[in-house]
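Visitor: Listed here are the chains, written in short residue letters.
Protein chains: 4
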Amino acid sequence: MSPPTATEDVIVSLKATNLDAITDNGGQILVDLKKGKPKGGRSPLAHLLPPTTLARFEKYGIDVSQGYPEVPPQEKIPTFLDEAFAVRNEGYPYVDRGKNADPEKKALFGAATEVIHLTKHIGTEIVGLQLQALTNQQRDELALLIAERVVVFFRDQDLSPQKQLELGEYYGQVEKHPQAQHLPGHDGITIIWPELFLQLGISSTFKQSKTTARWHTDLTHEHQPAGITHLHNDAIPKVGGDTVWASGYAAFDKLSPALQEFLEGKTAIFKSAHTYFDRNDPLNGKKQVEREHPIIRTHPTTGWKSLFVNRTYTDRIVGLEPGESEVILEYLFGVFEKNLDIQVRFNWKPTKADLGTSALWDNRISQHNAIWDYENSEPRHGTRVTSLGELPFYDSESKSQRQSLGLSLV
Amino acid sequence: MSPPTATEDVIVSLKATNLDAITDNGGQILVDLKKGKPKGGRSPLAHLLPPTTLARFEKYGIDVSQGYPEVPPQEKIPTFLDEAFAVRNEGYPYVDRGKNADPEKKALFGAATEVIHLTKHIGTEIVGLQLQALTNQQRDELALLIAERVVVFFRDQDLSPQKQLELGEYYGQVEKHPQAQHLPGHDGITIIWPELFLQLGISSTFKQSKTTARWHTDLTHEHQPAGITHLHNDAIPKVGGDTVWASGYAAFDKLSPALQEFLEGKTAIFKSAHTYFDRNDPLNGKKQVEREHPIIRTHPTTGWKSLFVNRTYTDRIVGLEPGESEVILEYLFGVFEKNLDIQVRFNWKPTKADLGTSALWDNRISQHNAIWDYENSEPRHGTRVTSLGELPFYDSESKSQRQSLGLSLV
Amino acid sequence: MSPPTATEDVIVSLKATNLDAITDNGGQILVDLKKGKPKGGRSPLAHLLPPTTLARFEKYGIDVSQGYPEVPPQEKIPTFLDEAFAVRNEGYPYVDRGKNADPEKKALFGAATEVIHLTKHIGTEIVGLQLQALTNQQRDELALLIAERVVVFFRDQDLSPQKQLELGEYYGQVEKHPQAQHLPGHDGITIIWPELFLQLGISSTFKQSKTTARWHTDLTHEHQPAGITHLHNDAIPKVGGDTVWASGYAAFDKLSPALQEFLEGKTAIFKSAHTYFDRNDPLNGKKQVEREHPIIRTHPTTGWKSLFVNRTYTDRIVGLEPGESEVILEYLFGVFEKNLDIQVRFNWKPTKADLGTSALWDNRISQHNAIWDYENSEPRHGTRVTSLGELPFYDSESKSQRQSLGLSLV
Amino acid sequence: MSPPTATEDVIVSLKATNLDAITDNGGQILVDLKKGKPKGGRSPLAHLLPPTTLARFEKYGIDVSQGYPEVPPQEKIPTFLDEAFAVRNEGYPYVDRGKNADPEKKALFGAATEVIHLTKHIGTEIVGLQLQALTNQQRDELALLIAERVVVFFRDQDLSPQKQLELGEYYGQVEKHPQAQHLPGHDGITIIWPELFLQLGISSTFKQSKTTARWHTDLTHEHQPAGITHLHNDAIPKVGGDTVWASGYAAFDKLSPALQEFLEGKTAIFKSAHTYFDRNDPLNGKKQVEREHPIIRTHPTTGWKSLFVNRTYTDRIVGLEPGESEVILEYLFGVFEKNLDIQVRFNWKPTKADLGTSALWDNRISQHNAIWDYENSEPRHGTRVTSLGELPFYDSESKSQRQSLGLSLV
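Line by line, the protein sequences are chains A, B, C and D. So in the working numbering, spot 325 of the first sequence is number 325, and the numbers just go up one at a time. So in the working numbering, spot 231 of the second sequence is number 641, and the numbers just go up one at a time. So in the working numbering, spot 137 of the third sequence is number 957, and the numbers just go up one at a time. So in the working numbering, spot 113 of the fourth sequence is number 1343, and the numbers just go up one at a time.
In short, the hints are calculated from the structure, not lab data. Ideal Cβ placement from N, Cα and C applies to all residues, glycine included. One or more of the hints may lead you astray.
As the list claims (entries may be wrong) - Computed cross-link-like contacts, DSS-like style, restricted to lysine-lysine with a CA-CA straight-line distance of at most 30 Å:
#1 LYS399(A) - LYS266(A)
#2 LYS759(B) - LYS338(A)
#3 LYS1568(D) - LYS1058(C)
#4 LYS1158(C) - LYS338(A)
#5 LYS648(B) - LYS349(A)
As the list claims (entries may be wrong) - If you only want the chain B side, here are some residues facing chain A, beta carbon under 10 Å, derived:
#6 GLN609
#7 ILE612
#8 THR615
#9 LYS617
#10 LYS648
#11 VAL649
#12 ASP663
#13 LYS664
#14 THR722
#15 GLN753
#16 ASP783
For reference, chain A alone in the conformation it holds in the complex:
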């Protein structure tokens, strides 16, 4: 073989690629971009699974004998920015399960042995109910409760992955992340397993966390970002491993009316965690998917306004100079992070060691931060199902949470 003679051919070919390679004009593959991706199939990590997780998988027929977790096949992982952008870029219908639920939630609360509001503005624990046994009426009331309380917890759950997925599907289109390692046979059930990060070479230290121990909201770069995320932890550290959530409703209420008005109607650019090749500029580094969403969004169920920004994925406010955007976003991130009265900190430990704990939170109205103080000294493993929400919108007629609840606005 001889090298291409006409250098212009190469330039052209760099812009005319197929899905997975940089080719020349003749279709010759110059660089096989799939090379950087994991092969699809099963990871050989099943032997590292914690006993409680294995027991749950065995009980509910999740076969890990062929390996664990499952890695998406290469052909489903986007290589180019436009491919990543095309994932779920079309709108899909969103059914608001909580909208018409009983405001008093009698079916849900009546069946519980205890309902504990953990703080005033965010976080409720329900005791004495099994998530997998909820009726649809209870599920609707739970959707409303999550929309009001931002995050709802259930300890001591005997929950099959299949039922977890079913509940997620009831709440909306389940996100199937093209890159995420997931439960074998269930690409809607992703894995939260610090051991996996370690095996992938991503190691945090006491002084610097490399993973989720920073404030963020999940999947905000999507066309219809995450609504309810349900994380069920089936292996939980004996000490530590708390998660903290902060309320976007309450963050909005912390702002002055003048700053609220300034932000209402404005939008921000949200970036993806993953990066992709730019088809027109494949050699200049990978780029993130960017989408534009309102900074103040209205929750469809409660009709309450929420501050929708987060340090990890919100890049800039549209229409401001870079320096202006930077100081205002930094201030807004701080509203979530510094005001302890709009946060809840939850320790996942069940009262019965062989059962798991579930948290269901609404990503439209919250940020969270997973504390990594256990430093991989103890196992932690969870299955996560995310139900995507509506196309974010701002309704200028909507109210703030405190306004709606008749609380003081100063």
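Place chains B, C and D on chain A using the hints.
Guide: Just chains B, C and D now, kept in the frame of chain A:
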């Protein structure tokens, strides 16, 4: 009476005052500075006390029929800076109760039904023990535990104020705050009662806290600042009212070796919360007491290094230009406030509604922040006893907590 | 003499004071507040005056044989906040001299030998004209030029203080500062003389300036703040002593349209440099006069919008939470301070050593900063006349400078 | 042609490239990386040259008839990080011309008609001398003067590019920048020509500068970074286009002794302006060359300490946590940028319109910022010769400038 004829006389008299007034050369009281102080005696607020508090007081013979709380008499409240500075300015002996305690704490742990480490670096809850029944051996082990875990919690306590005071006296000289309203007859037992703030006209709002809902360490301006503080809450909101602590040991371990070395041996100026007249400049506004302490201090019991600064009372680093001090202190405050893995958040609710909950924390190695999310919608009341500690020192041979425990230093 | 028996009398008397003292009910002077003030009369510093200044004073009949400068008499210096607030609190007519001037400034420019625009957005030097010989037509054109170019310079001026004052009176009500040391016999001509600061005990160092070497705008706390300030330096360091100005027009044009719109119509609180006793709270420290002005103001002459804030005297934006105000003001201060393309730096040295140099700037549309690099190693002395302007207003129909000049707005 | 069958081959080939391409194992060129580079040769922009520049070129025999400027040939432009790193990575001898010069500079000053120190700490203008006629003795004295005054200016210069280059070679190894467009036939003479940026598609706006209108020091990523840079502007805007320099000596003197001591002996990482492919990771975006230099360096000629960091190219302090490095560097950048008393602002306009102006500054002890207020409305063009300096070092015995000059250190 005629006005002074020689204006110089007045100037002189402004510098030659007695304890409580600005006088002229003849001893004539020109301004009675006591006027701004509350009269001593009993406040008429006893009828506002929560039922659980009243029950505790009745059970243990605290008489509030003459009023509650007790206000210090005017003559004990410093008027001038030098008077305030003179309070406990002489060193007093400090007995380190934890120093020789059993490192395994067998007497304490053996008697407990459960010992729960709430996070890795900070916070332990002991279940099944009554603080007022501790033996001295158990008290010593508890002192060691507090020194190691920063803060220790006991729910469901039936604790008399008298026994709380006695425990505090065992741990060191009990702080008697000249301004603080306190339990009638017990000036070593101060009151944490948001209702009292309200009655004094100090009202917080959702957007702006005026009281303790900000990060601080107690009494850092003292010659021998607070060691162990014991807050026993006998009335607790049904929802909210958590307190958050952050560890000064772990904050030190978060710093780079280079910054640790820079701070070791340096000192900072700590300011008092209260203000006083400057005898030499009485008309230019009240001033704060200022004392100088090491920024990195060694805990006498554990021998571990701790970062000793806090946003509320640390004013400046000695030897730096103001702008330098400002950015470095702001960074150090953020180490405590932003690293959720070195914080513990505690909800005070007892499992039995008629009992109280105690927290004992070490102010030498922590900051805390009392969350005011209950917004005075529910009663909260506690009695506090603070045992003062040693004169702060830095021992260049001492180790960090993680170093001592053999944990990774990166 | 015996002390007052009824303490309530004293409390009352602290609120019922005459202009200069805290008295009791019987009119007894308890504290003579005039004591902190300089006595009126002449300072004994004339012998320190630089030779060029002395020569000018001699030529124009300014007699310093009785002392220099003149200190305002005590009875004219406000003691209490309300007295300070009352100074020029009534509106007075403002005549806009530049409004109807020839836009081409033919009379002014035609008489000059050279007109040098020092930078694009700010600063013009006029060569070959004597300020004291200007016709009214030329003065009007100069007013227009200052309004357009923010600051205008004239070197090699042979200018009598009397003529300087007359020009200032032509431009508006001349500010007579109740505290300022001034030219003997002329309380409208204040002194800029670093030697005076030194004699008053205010000493700057290389690392920390105590005086005007920080960004500020003059007299922004007044009801009708400063319009044109005219500083004539008659003694100028051989090296250094530059002054820098930044344009408020250009600062406005640096903002995004969204932030411009946010600020338009909003106001800020401006604080005075001097402090006064609060009549109702005389023992709690002196306080500053505070007045509220638009953040974006329209210049009456040009009709252009200007950003009107400065680090030294602008305290907070009305209607924002404190934290919001702080980050936005800090950003706005930085727009003036960091953008070198909207600044002019001027060295005062005349081409003829025995003549002086004048700068006339418009405080409505600028900040400035007097560089103290000569470190008192050489004399510097100037006479200053400030013509107060209109009540600040914002006209929503007004344009930005670049908009009006047809320059790019991005 | 068929695609490679063994995908592993491609992976291997991505790491085994020749200088300018990504190839497969067989040497097949997969991606021709030269495609992104300008072709060598002459740019067709000569017709845009300003008249004064053309006159100078014609006078001194610079032929632009074949195009202007000259673009380096592709084969000299590094593609890969290791190639860029190899450029001048070997030490070369540095001759310190100023070291033994007459401290009184009698030959230089004696020949000048005037020597103007523009500010106290930085900047001197020499009047009445032609740079191209300097004797070696005068050149040595000039080197010493630059080392002392940081930047020295000469207006009204009739200077041939050849003589400019010769002077640069006298002062050290002349930097030949592999990417820089330069004078035809003289790769040691680079071009400062905003018009060129425009033609390359780099356009600044009033609100955002894309080029050199930010604080920086030249070429700090080199093994032996720039010593004296000599910029001769032969076309100068009628209004604006000033450059500002700040002194690293004085910046060091602004720090507290404690912070000085902290920084002494520490190093920082400096990044290059240009980016290159990582041979081991060619598809993950281009990377910058990084080199490590002392933060406090000693100038070889004066023996004075200088603060050596700049916002544009200093990335991080070695040995600090990222957050620590960020706040301390931001503070240090501000020392240069905010302290107007250690800056000089220079307007380049000659007194004779057909002559040029030269600035010679020392990059070891300064930052600068080229103000773009003329907004391409007028031509600006200059030729630049940079003499590289010694390997940066810190001598713990060296003194600060103010210490050495006997000035106050507070």
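Visitor: For every hint, state whether the structure bears it out.
Guide: Going down the list of hints, with the structure as the test:
1. LYS399(A) - LYS266(A): holds (17 Å)
2. LYS759(B) - LYS338(A): Holds. LYS759(B) to LYS338(A) sits at ~24 Å (cutoff 30 Å).
3. LYS1568(D) - LYS1058(C): The given pair, whose Cα atoms are some 24 Å apart, holds under the 30 Å limit.
4. LYS1158(C) - LYS338(A): Judged against 30 Å, a Cα distance of about 29 Å means the pair holds.
5. LYS648(B) - LYS349(A): The given pair, whose Cα atoms are some 22 Å apart, holds under the 30 Å limit.
6. GLN609: With a minimum Cβ separation of about 19 Å from chain A (threshold 10 Å), the hint on GLN609(B) is violated.
7. ILE612: violated (15 Å)
8. THR615: Interface hint status for THR615(B): holds (5 Å vs cutoff 10 Å).
9. LYS617: holds (6 Å)
10. LYS648: Where the cut-off is 10 Å and the nearest Cβ of chain A is about 8 Å from LYS648(B), the hint holds.
11. VAL649: Constraint on VAL649(B) satisfied, holds at 5 Å.
12. ASP663: holds (7 Å)
13. LYS664: Given a least distance of 6 Å, the restraint on LYS664(B) holds.
14. THR722: violated (14 Å)
15. GLN753: At 8 Å from the nearest chain A Cβ, GLN753(B) passes the 10 Å test, so the hint holds.
16. ASP783: Holds: closest Cβ of chain A sits about 4 Å from ASP783(B), inside 10 Å.
Of the numbered hints stated above, those contradicted by the structure are hints 6, 7, 14, listed in ascending order.
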